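Student: Listed below, chain by chain, are the residues.
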Amino acid sequence: GQQLNQSPQSMFIQEGEDVSMNCTSSSIFNTWLWYKQDPGEGPVLLIALYKAGELTSNGRLTAQFGITRKDSFLNISASIPSDVGIYFCAGQLAETSGSRLTFGEGTQLTVNP
Amino acid sequence: GAGVSQSPSNKVTEKGKDVELRCDPISGHTALYWYRQRLGQGLEFLIYFQGNSAPDKSGLPSDRFSAERTGESVSTLTIQRTQQEDSAVYLCASSPWTGDGYTFGSGTRLTVV
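Protein chains in written order, with my numbering: chain B, 1 to 113; chain E, 1001 to 1113.
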């Protein structure tokens, strides 16, 4: 099945530092999404990307949809303790029926105060 | 309701027993999805409902898994003759159309002992 490779698997940073994580795919997506999941909760949508090359910001978060449509990155600037959690990329295949999302394995972010 | 509601939040069952998980989507959302999340992993698609169309069951891992949805309301995911490898968090999500940006519930944590 479709695979999304997300890296890094985990990150340990100091408060105030910037963070970058990315996802790559062997197939084209027409939508890329980034989610954050806190313990015991479902994922919450952070940013949605719809066009190749699109760069979108949401506060301290910035994400880009790769030109090849096979990759995306998420940057978090000036990290704060509440950024702790698991970040997932998700893609929607161009040819899929419905709106099934394929998820990456997640990046566990730890922010030390 | 204001969000996607799932019940129970936790379920411990003995191997071989059947379990039923419930999802109440956001009112008016026509699309409903079930995903499975094993510990430390990403989300794995199970099944998708869109209005009165035939559901996309292609993600169900075996014939022990089934799901029903009544119109555009409640859905139940049933796992028969549970096995230990069924232990996971089962997440439900809904969206207003077959687009992106689902809203997830908090999930049901299933433990098979």
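Hints in this document: simulated from the structure, not taken from any laboratory.
The structure displayed is predicted, hence computed values, not measured ones.
Among the hints, a few may not be true.
As the list claims (entries may be wrong) - Over the 12 Å line for every Cβ pair with chain E, so calculated as not near, a few chain B residues:
#1 L4
#2 Q6
#3 P8
#4 F12
#5 T24
#6 S27
#7 Q37
#8 D38
#9 L61
#10 N75
#11 V84
#12 L101
#13 P113
Unchecked claim - Only part of the chain E face toward chain B is listed, based on derived beta-carbon distances under 7 Å:
#14 P1061
#15 F1065
#16 G1107
Glycine included, every Cβ here is placed at the ideal spot set by N, Cα and C.
Student: Each hint needs a verdict: does it hold in this structure or not?
Tutor: Quick rundown of the hints versus the structure:
With a least CB separation of 8 Å from chain E, L4 (chain B) falls inside the 12 Å interface cut-off, contrary to its annotation. With a closest Cβ-Cβ approach of about 8 Å to chain E, Q6 (chain B) is found to fall inside the 12 Å limit, against its non-interface label. For P8 (chain B), the requirement that its beta carbon stay farther than 12 Å from each beta carbon of chain E is met, with the minimum near 14 Å. The non-interface label for F12 (chain B) is consistent with chain E: the shortest C-beta to C-beta separation is roughly 16 Å, beyond 12 Å.
No beta-carbon of chain E is positioned within 12 Å of the beta-carbon of T24 (chain B); the least distance is around 14 Å. Every CB of chain E is more than 12 Å from the CB of S27 (chain B) (nearest about 15 Å), matching its label as outside the interface. For Q37 (chain B), the non-interface assignment is contradicted: its Cβ lies about 8 Å from the closest Cβ of chain E, within the 12 Å cut-off. Not every beta carbon of chain E lies more than 12 Å from that of D38 (chain B), the smallest distance being close to 10 Å; the non-interface claim is violated.
A cut-off of 12 Å between C-beta atoms confirms that L61 (chain B) is not in contact with chain E; the least separation is 15 Å. Listed as outside the interface, N75 (chain B) is consistent with that label: its C-beta sits roughly 20 Å from the nearest C-beta of chain E, beyond the 12 Å cut-off. The non-interface label for V84 (chain B) is consistent with chain E: the shortest C-beta to C-beta separation is roughly 16 Å, beyond 12 Å. Not every C-beta of chain E lies more than 12 Å from that of L101 (chain B), the closest at about 7 Å, which undercuts listing it as non-interface.
Chain E leaves P113 (chain B) outside its interface by the beta-carbon criterion, the shortest separation being 25 Å against a cut-off of 12 Å. The interface hint given for P1061 (chain E) is broken, as the beta carbon of that residue sits about 12 Å from the closest beta carbon of chain B, more than 7 Å. At a threshold of 7 Å, the smallest CB-CB gap from F1065 (chain E) to chain B is about 16 Å, leaving the interface hint violated. Hint status for G1107 (chain E): holds, given a least beta-carbon distance of 6 Å to chain B, under 7 Å.
In this structure, the earlier hints numbered 1, 2, 7, 8, 12, 14, 15 are contradicted, and the remaining ones agree with it.
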